[in-house]
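*Asks:* The primary structure of each chain is shown beneath.
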Amino acid sequence: MNFNLLYHFGRYIMLLRQAFSRPENWSMYWKETLRQMNDIGIGSIVIVALISVFMGAVAAVQFAYQLDGTLVPRWYIGYIVRDLAIIESAPTITCLVLAGKVGSNMAAELGGMRQKEHIDAMEIMGVNTANYLITPKVVAALVVIPLLVTLSAYIAIGGGYLATVPTGQITAEEYARGLRAFFIEFNVTMMYVKAFVFAFILTTVSCFQGYYVQGGSIELGKASTNAVVFSNILILLADYLLAVLLTS
Amino acid sequence: MIRAENIFKSFDDNEVLKGISMEFLPGKTNLIIGRSGAGKTVFLKILVGLIIPTSGKVYYDDIDFFSLNKKQIREIRMQVGMLFQGSALFDSMTVEENIRFPLDMFSNMSLAEKRDRVNWCLERVNLPGVNDKYPSEISGGMQKRVGIARAIVLSPKYLFCDEPNSGLDPRTALLIDELIQDITYEHNITTIINTHDMNSVMEIGDNIAFLHQGRLAWRGNKDQVLETENEELKSFIFASPFLQRLRTQALAAKSRS
Ligand SMILES: Nc1ncnc2c1ncn2[C@@H]1O[C@H](COP(=O)(O)OP(=O)(O)OP(=O)(O)O)[C@@H](O)[C@H]1O
Ligand SMILES: [Mg+2]
Numbered sequence: 001m002n003f004n005l006l007y008h009f010g011r012y013i014m015l016l017r018q019a020f021s022r023p024e025n026w027s028m029y030w031k032e033t034l035r036q037m038n039d040i041g042i043g044s045i046v047i048v049a050l051i052s053v054f055m056g057a058v059a060a061v062q063f064a065y066q067l068d069g070t071l072v073p074r075w076y077i078g079y080i081v082r083d084l085a086i087i088e089s090a091p092t093i094t095c096l097v098l099a100g101k102v103g104s105n106m107a108a109e110l111g112g113m114r115q116k117e118h119i120d121a122m123e124i125m126g127v128n129t130a131n132y133l134i135t136p137k138v139v140a141a142l143v144v145i146p147l148l149v150t151l152s153a154y155i156a157i158g159g160g161y162l163a164t165v166p167t168g169q170i171t172a173e174e175y176a177r178g179l180r181a182f183f184i185e186f187n188v189t190m191m192y193v194k195a196f197v198f199a200f201i202l203t204t205v206s207c208f209q210g211y212y213v214q215g216g217s218i219e220l221g222k223a224s225t226n227a228v229v230f231s232n233i234l235i236l237l238a239d240y241l242l243a244v245l246l247t248s
Numbered sequence: 001m002i003r004a005e006n007i008f009k010s011f012d013d014n015e016v017l018k019g020i021s022m023e024f025l026p027g028k029t030n031l032i033i034g035r036s037g038a039g040k041t042v043f044l045k046i047l048v049g050l051i052i053p054t055s056g057k058v059y060y061d062d063i064d065f066f067s068l069n070k071k072q073i074r075e076i077r078m079q080v081g082m083l084f085q086g087s088a089l090f091d092s093m094t095v096e097e098n099i100r101f102p103l104d105m106f107s108n109m110s111l112a113e114k115r116d117r118v119n120w121c122l123e124r125v126n127l128p129g130v131n132d133k134y135p136s137e138i139s140g141g142m143q144k145r146v147g148i149a150r151a152i153v154l155s156p157k158y159l160f161c162d163e164p165n166s167g168l169d170p171r172t173a174l175l176i177d178e179l180i181q182d183i184t185y186e187h188n189i190t191t192i193i194n195t196h197d198m199n200s201v202m203e204i205g206d207n208i209a210f211l212h213q214g215r216l217a218w219r220g221n222k223d224q225v226l227e228t229e230n231e232e233l234k235s236f237i238f239a240s241p242f243l244q245r246l247r248t249q250a251l252a253a254k255s256r257s
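Residue numbers (the numbering used here), protein chains in the order written: chain C, 1 to 248; chain V, 1 to 257.
Rather than coming from a laboratory, the hints here were simulated on the basis of the structure. Some hints could be false.
[Claimed, not checked] Cross-link-like lysine-lysine pairs, in silico, DSS-like; alpha carbons within 25 Å at most:
1) Lys133/V / Lys114/V
2) Lys116/C / Lys133/V
3) Lys234/V / Lys31/C
4) Lys116/C / Lys31/C
5) Lys234/V / Lys18/V
6) Lys57/V / Lys31/C
7) Lys116/C / Lys234/V
8) Lys116/C / Lys222/C
9) Lys71/V / Lys31/C
10) Lys70/V / Lys57/V
[What the hints assert, rightly or not] Reference excerpt, derived from the structure (chain V facing chain C, CB under 10 Å, subset only):
11) Val48
12) Ile73
13) Arg74
14) Met78
15) Gln79
16) Phe84
17) Phe90
18) Pro102
19) Phe106
20) Arg150
21) Lys222
22) Asp223
Each residue gets a CB set at the ideal place from its N, CA and C atoms; glycine is no exception.
Start from the sequences, fold in the hints, and give me the full structure.
*Replies:* Shown next, in the form of C-alpha cells:
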C-alpha cells in the first residue's frame with residue numbers, strides 16, 4: 001500500500017472534477033445510469049435483506065439479555081431495535097456490506113476496462129471517460145442506496161420482531177409499543193444524510209481505485225481489495241464525524 | 001497534417017524513443033515500420049496523447065497538441081479514429097453496438113440511419129452479418145476488422161492503425177490494406193499505420209518511416225525500399241533468403257527495363 005496520501009487525495013479530487021462535468025449526450029448517460037441502478041439496487045436486495053433481518057434479530061436478543069433482572073420495562077426492546085436500526089445499523093452496516101459487493105465490483109469493472117484499453121479507446125473517440133464511466137455509477141448509487149437503507153431499517157425492525165415475539169419473550173403489543181415510543185424525526189434525517197454520504201464515498205473511492213489501475217491481474221485484485229478497505233475506513237470515519245456534527 | 005517534433009520517451013531507464021521528428025501528410029498512407037519492441041506502439045500512442053512523452057511536441061495542423069486543455073483535446077479526438085493492436089472492443093457490447101458507440105455518443109442520426117452506417121462499415125471490412133455477435137464469439141482477425149469499422153464510422157480526419165493486419169490471412173490482410181488506402185485517398189485522411197508486414201510495405205507504403213533502436217533510421221516510399229542500401233532496413237524487410245532472392249530479381253528486372 002502506498003501511503004503517499006496527499007498525492008492520492010489530489011488525484012482523487014481531480015478525477016471527481018473531471019467526472020462531474022456536463023455530459024456530452026444525456027440519453028447515453030441516462031441509459032447507463034438506469035443500468036447501474038438495476039445492478040446496484042436489484043442486485044443487492046437479497047443480501048441487504050438477509051443482513052438486516054439478522055441485525056435486528058441480534059440487537060433484540062442481546063438487548064433482552066441485558067434487560068434481564070433490571071427495572072427497565074421489556075417493551076423497550078422495540079424502541080432500542082428501531083433506533084439502533086435507523087441511526088446506525090441500517091445506514092452504516094448496509095453501506096459497509098455494499099462497499100464489499102458493489103464497490104469491489106465497480107473497481108474490477110473499471111480496472112478491467114483500463115487494462116483492456118477500453119478506456120483508451122473511448123478517450124480516443126473524444127469521450128470524457130471519467131464523466132461517462134463514473135457519474136452514472138455515483139448518481140445511481142445516490143438514488144438506490146438510500147432506498148436500500150430504508151428497506152434495511154424496516155427489515156431490521158421485522159427481524160427484531162421475529163426474534164422476540166414468536167419465542168415468547170414479549171408480546172406483539174409490547175413490541176409495537178416500543179416501536180412507537182420516543183420517536184425523534186431527526187433520527188430519520190440523520191439516517192438519510194449518512195446514506196447519501198456513505199453512498200458517495202463508496203462509489204467514488206471504488207471508481208478511483210479501478211480507473212487508475214495499471215499492470216495485470218494482480219494489480220486488478222489489489223485495486224478491488226483497496227476499494228473495499230478504503231471505502232470501509234472512510235465510511236467509518238465519516239460515520240464518526242457525522243455523529244459528532246449531527247448530534248452536537 | 002500531423003507533425004512530431006523531437007520526441008523522446010523513456011520508461012524508467014529504458015530509453016525507447018530517442019528524438020524522433022516526422023511529418024504525416026493528409027491523403028497519404030504513412031507507414032511506421034520496425035522490429036517488435038522498436039517503439040511503434042509507444043510512438044503512435046504519443047501521437048494521440050495516450051502516452052505523454054518525456055520531451056518533444058506533437059502538432060495537429062499547427063496546433064500544439066500538448067498545450068491544449070482536456071476539452072480542446074476531446075474536440076480534436078472526435079476527428080480521430082484508432083485501431084488498437086489488441087482491437088480493444090467493448091466486450092459487454094455486440095459488434096453492432098461497438099461500431100455504433102461513437103455514433104450514439106456524438107451524432108444526431110436516427111437509429112435506422114445509424115444501423116445503415118454500421119452495416120455500410122461492416123461491408124467495407126468484408127464482415128456482413130455479424131452484427132449481433134459478441135467480440136468473444138468472433139475470431140481475432142474478425143475483431144481487428146470490427147475495430148477498423150469502429151475507427152472509420154465517424155469518417156475521421158486522422159486515422160491511426162496499430163498493426164491492422166497482424167493475425168489475418170494474406171488475402172484478408174491485402175483487403176484491409178486496400179480498404180485503408182481507399183478511404184485515405186477518398187476522404188483525404190491523414191493515415192498512420194504501424195506494421196511489420198512486408199506486403200503492406202510494398203503495396204501501400206506512400207511514406208515509410210523505419211524505427212530502429214529508438215531513432216528514425218530511414219525514410220522513403222515503397223519503390224525506394226527495394227533499392228535501399230540501408231543494412232538494417234534490408235535485413236528487416238528482406239529477412240528471409242526467399243525475399244532476398246525476390247529482391248535481387250526485381251532489381252535485375254528493373255535495371256533491364
Ligand atoms: N507502459 C510501459 N511501461 C514500460 N515500458 C513500456 C511500456 N510500454 C512499452 N514499453 C517498452 O517500450 C518498448 C517498445 O514497445 P512497443 O509496444 O512500442 O513496441 P512495438 O514496436 O509496438 O512492438 P510490436 O511490434 O511487438 O507491437 C518495449 O521495450 C517495451 O518494453
Ligand atoms: Mg506494437
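*Asks:* Checked against the structure, which of the hints given earlier come out wrong?
*Replies:* 3, 6, 7, 21 and 22
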